[in-house]
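There are 2 protein chains.
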Amino acid sequence: MRFSQLLIPTLKETPSEAEVVSHQLLLRAGFIRKLSSGIYSYLPLGLAAIRKVERIVREEMNRAGAQELLLPMVQPGDLWKESGRWEKYGPELLRFTDRHGRKSCLGPTHEEVITDLIRLNVHSYKELPLNLYQIQTKFRDEIRPRFGLMRGREFIMKDGYSFDASEEGADATYRKMHEAYHRIFSRCGLAFRAVEADTGTIGGSFSHEFMVLADTGEDTVVICSKCEYAANMEKARCLEPPAISPPPLLALTKIETPGKKKVAAVTEFLNISAKELVKTLVYMAEDKPVAVLLRGDHEVQTVKLANALGVNTDNLRLAEDKEIFDTTGTPSGYLGPIGLTIPVLADNELGRMHNFAIGANEKNFHLLNANLHRDFTVQTITDLRQITSEDLCPTCGGGLELTRGIEVGHIFKLGTKYSEALKATFLDNQGAEQPFIMGCYGIGVSRTVAAAIEQNHDKDGMIFPLPIAPFQVILLNLSPKDEAISAASSQLYDQLNKSGIEVILDDRDERPGSKFKDADLLGIPYRVMVGKSFSEKGEVEIKDRATGTTLNLPLAEAGAKLVALVHDALAPPQ
Amino acid sequence: MRFSQLLIPTLKETPSEAEVVSHQLLLRAGFIRKLSSGIYSYLPLGLAAIRKVERIVREEMNRAGAQELLLPMVQPGDLWKESGRWEKYGPELLRFTDRHGRKSCLGPTHEEVITDLIRLNVHSYKELPLNLYQIQTKFRDEIRPRFGLMRGREFIMKDGYSFDASEEGADATYRKMHEAYHRIFSRCGLAFRAVEADTGTIGGSFSHEFMVLADTGEDTVVICSKCEYAANMEKARCLEPPAISPPPLLALTKIETPGKKKVAAVTEFLNISAKELVKTLVYMAEDKPVAVLLRGDHEVQTVKLANALGVNTDNLRLAEDKEIFDTTGTPSGYLGPIGLTIPVLADNELGRMHNFAIGANEKNFHLLNANLHRDFTVQTITDLRQITSEDLCPTCGGGLELTRGIEVGHIFKLGTKYSEALKATFLDNQGAEQPFIMGCYGIGVSRTVAAAIEQNHDKDGMIFPLPIAPFQVILLNLSPKDEAISAASSQLYDQLNKSGIEVILDDRDERPGSKFKDADLLGIPYRVMVGKSFSEKGEVEIKDRATGTTLNLPLAEAGAKLVALVHDALAPPQ
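Going line by line, the protein sequences match chains P and A. Count the first sequence with the UniProt record's numbering and you get residues 1 to 574, in order. Count the second sequence with the UniProt record's numbering and you get residues 1 to 574, in order.
Simulated from the structure, these hints should not be mistaken for lab results. You may find that some hints are simply not true.
Heads up, the list lumps identical chains together, so a pair's fine if it works in one copy or across two of them.
Listed below are the simulated DSS-like cross-link pairs for lysine-lysine, each with C-alpha atoms no more than 27 Å apart in a straight line [as the list claims (entries may be wrong)]:
{"#": "1", "residue 1": "Lys81", "residue 2": "Lys103"}
{"#": "2", "residue 1": "Lys12", "residue 2": "Lys459"}
{"#": "3", "residue 1": "Lys88", "residue 2": "Lys103"}
{"#": "4", "residue 1": "Lys423", "residue 2": "Lys34"}
{"#": "5", "residue 1": "Lys176", "residue 2": "Lys498"}
{"#": "6", "residue 1": "Lys34", "residue 2": "Lys81"}
{"#": "7", "residue 1": "Lys34", "residue 2": "Lys417"}
All values reported here derive from a predicted model rather than from experimental measurement.
Extracted from the complex, chain P is given alone in its bound form:
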């Protein structure tokens, strides 16, 4: 395509509305434009990048034996009532009434619709397994959409759903999807990790998130520096502390700590480390109080706590000061486990702590030399805390690193949650009715483009991995008024087009400086310059956007060289 004929409204200034770099660059490079809050138009270059991701997704899903279909975006409320989500799903589910008064919603996801389709059309184990996917615009009415394509209201997703007759079959399908996702994000040219994710309250199932690694990511990812282990914070298991032979237990001692309530203030006052103190937090779980004991420098992982209590995270929150006083009789800041009448859970780490400080359950007092079992007991001792970079890998014992990531994919073994709710069954090989065993597999397609930019950019603009770049080559005609340069540019342009290379010819009547700036901004992997050195030596310059390396070579050789470079960059993963 010729730049002069394309709609690429680049901007010189960074729009003030854009907080994150992908949002800024997508706007500046003319890839997207906002229509309304969280809703964007994809302009030709933005759409081209999205289509690249879609194509890779499609090829790898098909290779893994999945079939593409397309389900409606407008869904009947009745199906959501059957699954129980009409009430449970928050206001992100955009509900409306059609002209005939029927309750409907805009699909944020399609478990209900696909389960309904399968229960009506598939009846025997002989027709299984089935793995179906679609690539579609979804809508979630986010309360605070932001970050451009990272958290929009309208976005493009690949969502897939599998139906198996047995647990083993469902597990095999899950593994196939895990592999397909690896291939997809590898082929997109992204640095990513598949991390173990929490499965919430659905028992016996498993889940992985695929995270594009980027400093600007919203999520923290735990990665082992030695083995393949990776998990998100909700899931990352803290190793149980090794048993140690206890030191002599000292006598419990009450000490006045006037006005010292926070861990930092108490430990400074007592001249001890936060590792020598146990803090007592109170949570309200389904409106009932529960105490949580934790080493002073550790933090509660809410999802782990919710799982330990068997409640939904939506029904779990820190108690307010008044609630703490009402249930324990102690003001917040001086609470301790001795004599507590509400349920008490302790983090595993307490198992190797001795002679630690705790609250004295009395205003302005703490206790020194407290010991579990001797001075108090707990109902449960388990993994309740956020993992830290001081922890060791739960798989191999190696060192852990905490890094930032952007979730672009999620695979989930659903089990029979939806098939049971919607009574979707098949006849097994004994003629007995069984619920389908399901999995679901999502990829944020438009989000992947944003994540690729978060991971790959510099101060001048985006740096697209070639497989998902909207164009592979940008060819700059630096003197459109010079006949020889223009002829050479056109000749190379035609040659590249014929070789199947996706090339933009910048034929605009603009200064070279502005063409360089736009080429950098758009992040096209290879920039070819036809200018002065062509006039002087018959040479053109190829520049690699990512490395900045340049290569000067005769016009006649440039086409073949670019074909080879593009070909190498598209080589499929091992």
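Here the structure of chain P is known, so what remains is to put chain A in place on it, guided by the hints.
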């Protein structure tokens, strides 16, 4: 793909809900399933056919210099208020309020959104022309959705919009789109005609509908048997009747016609032909009465009448008997033009009629030998009637044929309707602000698949034109338990896949009869049978679904033959 692994839920019975053949066959062949009224899931084969159409559309739009983008489906109400359509568009526009109370709608079309995008991002004539399109799921809340994919509420459309700096530019863009549409429907393998369409109240503009010809079509199309002329009924111009030298004018004679009100009854009673009678109809145009004179056997064309009156068809209707009596003092059935005080329009045909019968404006009486100009005058004499197969081509004078069609595409020169309403302007080469001159170009993508089936089917099922068939070849392994036959089937299947042929291998453990039935139902262009004659003579049979012709040849030659057949069928149009 293997049939056994695909979701193709074929049905033996025709579902009672389906009235038209495309709807029946799409359901029976497992191409679509209804989710709710007018909303369908596209199963793998249905989606595959749609994707074929999409691909042809995309290739031809790109070839014509259009650029693909993707606009949001959820649109802000404010933009529609700016264009005036928030109020004017009926309840087909699905309106809703989001969680923040903002009025929004589901996009049935995108004139507002694209005009807004362009006014914000394009400012100079140097950036024009621009031609942008998208392929997208649209929603129109039809009151009575029916006929499956023919008139759904949710459907897939290609909609394109062009922006030009001059009328000549806009006309050239229009012609390019006309050509692109010709190529698109030719490449789809469909019999179609581009017909002139009415442009309604937007003056100075033009419009063509692309009609797939099918006996079951909802629309009537007028086609010249000699030249290229084709038009829809609204647009088809009736030639002005040739001037004739008038016969002697006879004396006006009143005659009793007791109880004779309808044309048929009056002419039978008077023993004259309907061609010798002028009927007087009363319409309410924006609630004001107006009389229309027409030869007895002719019918009013409402759009022509609305255009002659300068009103919208929505504001034009036949008057009720009471309204006729109230405004003329004459009971319905005996009305005539003499002495009428309301405006009177006459169809051109009256120009050559003499000594005709009319109503006497008195119950139970008519007049014989009435004559225009002598006995009464009219305000306007123009083309107001439905064309008939007795009319002649307005371009070449050849014979006309009335045939049925299904509208699958529509191109329209919009002019400045939307750019003026939304104040979308650019600076011309004199530095003056000008509204963009727009065109819009739609293709019903999912509807094209339905239209293809309406045009191409027989009692056994669909007959897909190869370019839009979900698969090109269906390979029947007639004895999955026979090792030699299965090996030969697999070998040919692999060979075809490697040659890029889209092939389904029917590997199911089913009787041959049921495989034949399904192959016919699915309408795959070439059916290959590996069965008894392979065992006996090493031969397979290739059958052409459309012609029924069969060809027996050795297994080793079948692959190359199929490649050649598919290649020929995909040859691009001249």
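**Request:** With 27 Å as the alpha-carbon cut-off, assign the pair Lys88 and Lys103 to within, between, both or neither.
**Result:** For Lys88 and Lys103, the Cα distance is within 27 Å both inside one copy (16 Å) and across copies (24 Å).
**Status of Lys417 relative to Lys34 across identical chains (alpha carbons, at most 27 Å)** = between (37 Å within a copy, 24 Å between copies)
**Item:** Intra- versus inter-subunit Cα pairing at 27 Å for Lys176 with Lys498
**Value:** between (37 Å within a copy, 23 Å between copies)
**Asked** Within a copy, between copies, both or neither: where do Lys12 and Lys459 come within 27 Å Cα-Cα?
**Response** within (13 Å within a copy, 63 Å between copies)
**Request:** Could you figure out if Lys81 and Lys103 sit no more than 27 Å apart (CA to CA) within one copy, between two copies, both or neither?
**Result:** Cα proximity of Lys81 and Lys103: in one copy and across copies (10 Å, 25 Å).
**Request:** Up to 27 Å between alpha-carbons, please classify Lys34 paired with Lys81: within, between, both or neither.
**Result:** Between copies, since 19 Å is at most 27 Å while 33 Å is not.
**Prompt:** How would you classify Lys423 and Lys34 at a CA-CA limit of 27 Å: within, between, both, or neither?
**Reply:** Classified as between: cross-chain Cα gap 19 Å, same-chain 42 Å, threshold 27 Å.
In the structure shown, no violation is registered for any of the earlier numbered hints.
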